[in-house]
Amino acid sequence: MLVGIAIRILVLVLLILPAFLDCYTKLLAASALTLAIFTVSWLYLEKDLGWASLGHSIPFGVSAYLFAINPLLLFFSPLTTFLLFPLSIFGKHTFPFASFVFSVFLWYLAHHIVFEGKGGEEGFRAPSINLDLIYLISVTILILSCLLIWKISNSYFGLKVKAVRDDEIAAKAIGINPLLFKVFGFAISCSLASIAGILHAAIFGHVSPGVFSPYFSLFPFVAATIGQGKIWSSILGSYTVVFLSWFLSPYVPEFHYAIYAVALILASYTQSYARSDRSV
Amino acid sequence: MISLFFSALIYASLALCVLLSYRVAKVVNLSFGSIFTLGGYLSVFGLFITPIFGAWIGLLLHIGSKRMDASKATIFSLGIAIAIEEALRILFRVENILLDSRIFYFFGYKLVFEHFLASMISATFLILFLAFELKKPFSRLKLKVIEEDIENAELYGIDAEKARAIVLVISSAFFCSIGGLYLSGRVISPTIGWLYMIFSLFIATIANVFREKAYILILPISFGVCWLV
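Chains as they are written, first to last, in the numbering used here: chain A, 1 to 280; chain B, 1 to 229.
Keep in mind the hints are simulated off the structure, nothing from the lab.
Bear in mind the structure is a predicted one, so any value in this text is a computation, not a measurement.
We put the CB at the ideal spot given by N, CA and C, even for glycine.
Be aware that one or more of the hints could be misleading.
As the list claims (entries may be wrong) - Which stretches of chain A does chain B cover? Using the computed rule of at least three CB atoms under 8 Å from a CB of chain B, they are:
1) 96 to 103
2) 164 to 172
As the list claims (entries may be wrong) - A few chain B residues that face chain A, going by a derived Cβ cut-off under 8 Å, partial list only:
3) 56
4) 71
5) 74
6) 75
7) 85
8) 86
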């Protein structure tokens, strides 16, 4: 209980403090913030729906690209749900692998996306927004995302989603349409991941094929593993990965990958995936 | 055309390893890409060490992911893959390395010797496995039972763990040695292996659709995919 309160306070301090610090720290904090939103979106899919995605960079990256190519296209970003959702036909055990492979495929494909002579390996310039403003927007969106997920999770509708997660056949027997609730859950998660992708593009003013790289694909999984699957701890986990990588990168190149390797190996021993094996 | 033929042979043998890991060891081994890259980096010190290191990683994978379900074993293999990549970054510091190669002429075609060697090893591997598949010795039948149902296999007294270990060790050693040869003459980075793994995985997935005939059809599928690409 006390640890939980301490984590919440620490997260709030981490959200507020950078607003008063220098530009570089704020940029770093803003990056951690968008990745925290990304983690929250992933966590909803894993906890409430039971689908552990290792390719969540798909909605994240596609939305960032759409925003960079033409900001008006961001209205299509919720449709990224239909890029990730069809992979659920592989079943819960194969979904992590299928989503990861698809994200790696998009990573290679993104190197060949050229629009009006721009893009390719260098990527696209995204509309840049004032850092203070984008930081404020990001903080607001993170808090709203947490509230939204908490609200949905505890609603009657959320209970139906959890029923589908636990046993699709039993859920169908009591009149719940599993497909509808699965699409709904994926849509919520992918929309939040899309928002995180758009914010990421707006903060850095640039999008490259790297948004589909394993760094982003695995980030929420690693942050959630550090946070032991709890929302506030996972937000703290996101900050931990970003800041540790930044501090240790001069000594160990791309240090975040060392964190990733440890988290993935440990997670395969400790975490449980695919809560329900049955599919309709 | 010769280049296409050689590439198809190599990808078919890599896809065969992926398929064997999936069917016998029950793991979608995502560390194959990094093992392939590791082979490339190790070839700097000598090609003969590549299968040894590959086999060690295969054994590590087997021991680490023993009794895990498919998704956990996949995640474990991904962790190993990233650990290998990070180790390569730390040990070699520089991101990109140009590997040496030897050029020779084959019926008037200019070829990289190491690529030629890789395709010959792949061809031998494929022929040996095809003979094993068609002749159906007792050990192949045991493997088939494991492929169909691992619990049934254990009930019949088949040592599924041993078969799993052998498959993971051989496939990892093969990936590592082919990586050492096939990456010669190229500029390599720690992430280069992903592309080869995804491509082999793609061929293996198509082959897997043909169920019983998968191992026999893997070479024609590889030809088709390489020709299309």
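Margin query: Restraint: residue 85/B near chain A, CB-CB cut 8 Å. Satisfied or not?
Written below: This hint holds: residue 85/B lies near chain A, its Cβ roughly 6 Å from the closest one there, short of 8 Å.
Check: Per the CB criterion, is residue 86/B less than 8 Å away from chain A?
Finding: 4 Å, holds
Margin query: Take the shortest C-beta to C-beta distance between residue 75/B and chain A; is it under 8 Å?
Written below: 4 Å, holds
Note to self: Tell me if the interface restraint on residue 71/B is satisfied: Cβ within less than 8 Å of some Cβ in chain A.
What the structure shows: Nearest chain A Cβ about 4 Å off; hint holds.
Notebook entry, point to check: Okay, the region 164 to 172 of chain A and chain B, do three or more residues pass the C-beta test at under 8 Å?
Noted result: Contact hint for the region 164 to 172 of chain A vs chain B: violated, 0 residues under 8 Å.
Check: At a threshold of 8 Å, is the proposed contact between residue 74/B and chain A supported by beta-carbon distances?
Finding: Where the cut-off is 8 Å and the nearest Cβ of chain A is about 5 Å from residue 74/B, the hint holds.
Check: Counting residues of the region 96 to 103 of chain A that have a beta-carbon nearer than 8 Å to any beta-carbon of chain B, does the count reach 3?
Finding: holds (count 4)
Next item on the list: Hold the hint about residue 56/B up to the distance rule: shortest CB distance to chain A must be less than 8 Å.
Entry: 16 Å, violated
Figure legend: structure checked against the earlier numbered hints; hints not met, in rising order: 2, 3.
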